[in-house]
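Asks: One-letter residues, chain by chain:
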Amino acid sequence: MGINNAHYYGWQGKLHSPWISTLSIVRVALLQVFRRKSYWVVIGLGVFQFLSFWIVIYAITQARLPANAQRDLYEVFGFSPSPEPGEENGYIAFMQQQSVVVMILLAFSGSLLVGSDFRMKSLPFYLSRRIDRRHYIVGKLLAVSAIVSLLTTVPALLLFLEYGMFTPSVGYWRENWGIAVSVLAYGAVLCAVLSILIVTLSAYLQRVAPIAITWSSLFVLLIRLASYLQDATDNNYWYLLDPWRDMRLVGKLCFGVFLEQEEHDIAAWAAVILAGVCAVCLVLLVRRVRAVDIVE
Amino acid sequence: MFLTFDHVTKFYGPVIGVNNVSCRIGPGITGLFGANGAGKSTLMKLASGQLRPSQGTVAVGDRRAWSTEAKRHFGYSPDINSFYEEMTGREFIYVMARLYGLAKADARARTEEVLREVGMIDRAGRRLAGCSHGMRQRVKLGQALINDPPILLLDEPLSGIDPGGRREISRLLLEQGEKGKTILISSHILVETENLADSVLIIARGRIVASGTLVEIRALLEDRPLTVEIVSDDARQLAALLVAEPDVRGIELRPDSLLIRTRNPGRFFSRFNDVVASNQVSVVKLQTLDGGADAVFNYLQQGPR
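Just so you know, the protein sequences line up as chains D and C, in that order. Sequential numbering from 0 applies to the first sequence in numbering that gives the first Met the number 0. Sequential numbering from 0 applies to the second sequence in numbering that gives the first Met the number 0.
Wrong hints could be hidden among the right ones.
Within a straight-line C-alpha distance of at most 25 Å, the following computed SDA-like cross-link-like pairs (lysine to any residue) qualify [said to hold, decoys possible]: (1) C:103 / D:16; (2) C:103 / D:251; (3) C:103 / D:102; (4) D:120 / C:82; (5) C:103 / D:14; (6) C:284 / C:206; (7) D:251 / D:102; (8) D:120 / C:159; (9) D:36 / C:90; (10) D:251 / D:73; (11) D:13 / C:72; (12) D:120 / C:226; (13) D:13 / C:159; (14) C:103 / D:133.
FYI, nobody ran anything at the bench for these hints, they're computed from the structure. Please read these numbers as outputs of a predicted model, since none were measured by experiment.
Take the sequences, apply the hints, and build the full model.
Replies: Set out below in structure tokens:
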């Protein structure tokens, strides 16, 4: 029986590009994370940190504190709204602190966002649609990036807006527009590195406990190892083993603000290392995202 | 629309998933049967474009099954039972519609239509975690129907459903088949869809070992071993007569019947008539015991012994 003889008519509507479908993956991922009440404890930490910085900026700009009190507040929070070379950059400090919160959140949500697709074998729901594994991977990376951005880049930009808003003129925004660009660039680095790492790790480890343990060990142990090797050899390049430091150095590269010349020297290496690790992870991820598990 | 496998082989490293499979599946319901590990799921995934064959081609109409354009033409329901536990049935189908590429308004409208079609409209707000196996099967079927595809690929759609639910799903599938859709249903229990499928494909060790209607397949097996039950008033005498027949492999004498195991049913039945007529033995009832779907499947899957 021919299809026309059967009077069958398929879906006649207009379909959008498979790349647009990746946004549905992002939407679902955000819904899944923000629906879990337990995650709000960690998100709450991030919100608390943001509010602390917000209040500090408000106090500095509006409460007309004495200069030494202002300086104390800057030092406590490591915040300088328009840093000069040699000064601690407040936006980097803020984003770095927020990324610790993000790290904790991702350690627990990696399984939900990615691992469960592999554990429950629900990948075919995605791959049988008009999307393929490229779209799936990009969708998941964007989903994690959205979470990272909501906790780092977006609040950092809000602080930038706040500081400009509370100054008497719009001069702060005009003179420091480069800070906003740097925040976006550093945010992009955090998004790329953290999303690629957690999606790859979750795709392989799948369950909450192994992901959380490996994820936190990755950061804590490498910091220790880097510190130990540096002490033993007195070579600062060992610090490059520490992923947090690498991300911070790349962040400083984005802002163009370094406390020491030595940091400047190894920042480019940090960028190369992060790019290399991400490239390896992407290769592993592409190999992992398949419709069939091969059981040996 | 036809789904065509042309000399398809799929390797997973050193393991062969399907081996030189060629077949053409057209409108109507086709059952795909095989034991666990026989290659059913691989065949389904090749058909749904999730896997590319190592050799040969899989085509949906005139397009390669893995192309984006071909994916527009089918709906696929995998055989998994746990998925997105925190979503409601409605949310899940809506997400699948958006992944498929439907615009928001179309996705919403189609979600409601499909929920009505699979009989889930009144329970669509329930979280999947709280849904029974049968309800999940309906939701899965719903997401496969979201684009009203001409080809439906359903992996174990009736497994774990109670008889009432099975009847409803079967009715739904028959309706879809009558619309002219090409429906491929995989199962490892042949009886489950015996009355549903117009034709069957039997797969064992990665190869299609038989295709056609069950009647046709059974006819092909005329010269294969078969067990026959004979109820006779004089079973003992009949046993003594039949034991000398060369095609009889064994006889089991029961209180009110005989079980005959024959090597070649075709030759046995023609000799049986002669034996009964010439010795005037009365036969009350004669039936083949393993001529049903599962026996055919088991025989083909295990191969001749």
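Asks: Indicate, hint by hint, whether the structure satisfies it.
Replies: Structure-based check of all given hints:
no.: 1; hint: C:103 / D:16; verdict: holds (13 Å)
no.: 2; hint: C:103 / D:251; verdict: violated (42 Å)
no.: 3; hint: C:103 / D:102; verdict: violated (33 Å)
no.: 4; hint: D:120 / C:82; verdict: holds (8 Å)
no.: 5; hint: C:103 / D:14; verdict: holds (11 Å)
no.: 6; hint: C:284 / C:206; verdict: violated (38 Å)
no.: 7; hint: D:251 / D:102; verdict: holds (20 Å)
no.: 8; hint: D:120 / C:159; verdict: holds (18 Å)
no.: 9; hint: D:36 / C:90; verdict: holds (19 Å)
no.: 10; hint: D:251 / D:73; verdict: holds (18 Å)
no.: 11; hint: D:13 / C:72; verdict: holds (14 Å)
no.: 12; hint: D:120 / C:226; verdict: violated (41 Å)
no.: 13; hint: D:13 / C:159; verdict: violated (36 Å)
no.: 14; hint: C:103 / D:133; verdict: holds (23 Å)
In terms of the numbered hints stated before, the structure departs from hints 2, 3, 6, 12 and 13, listed from lowest to highest.
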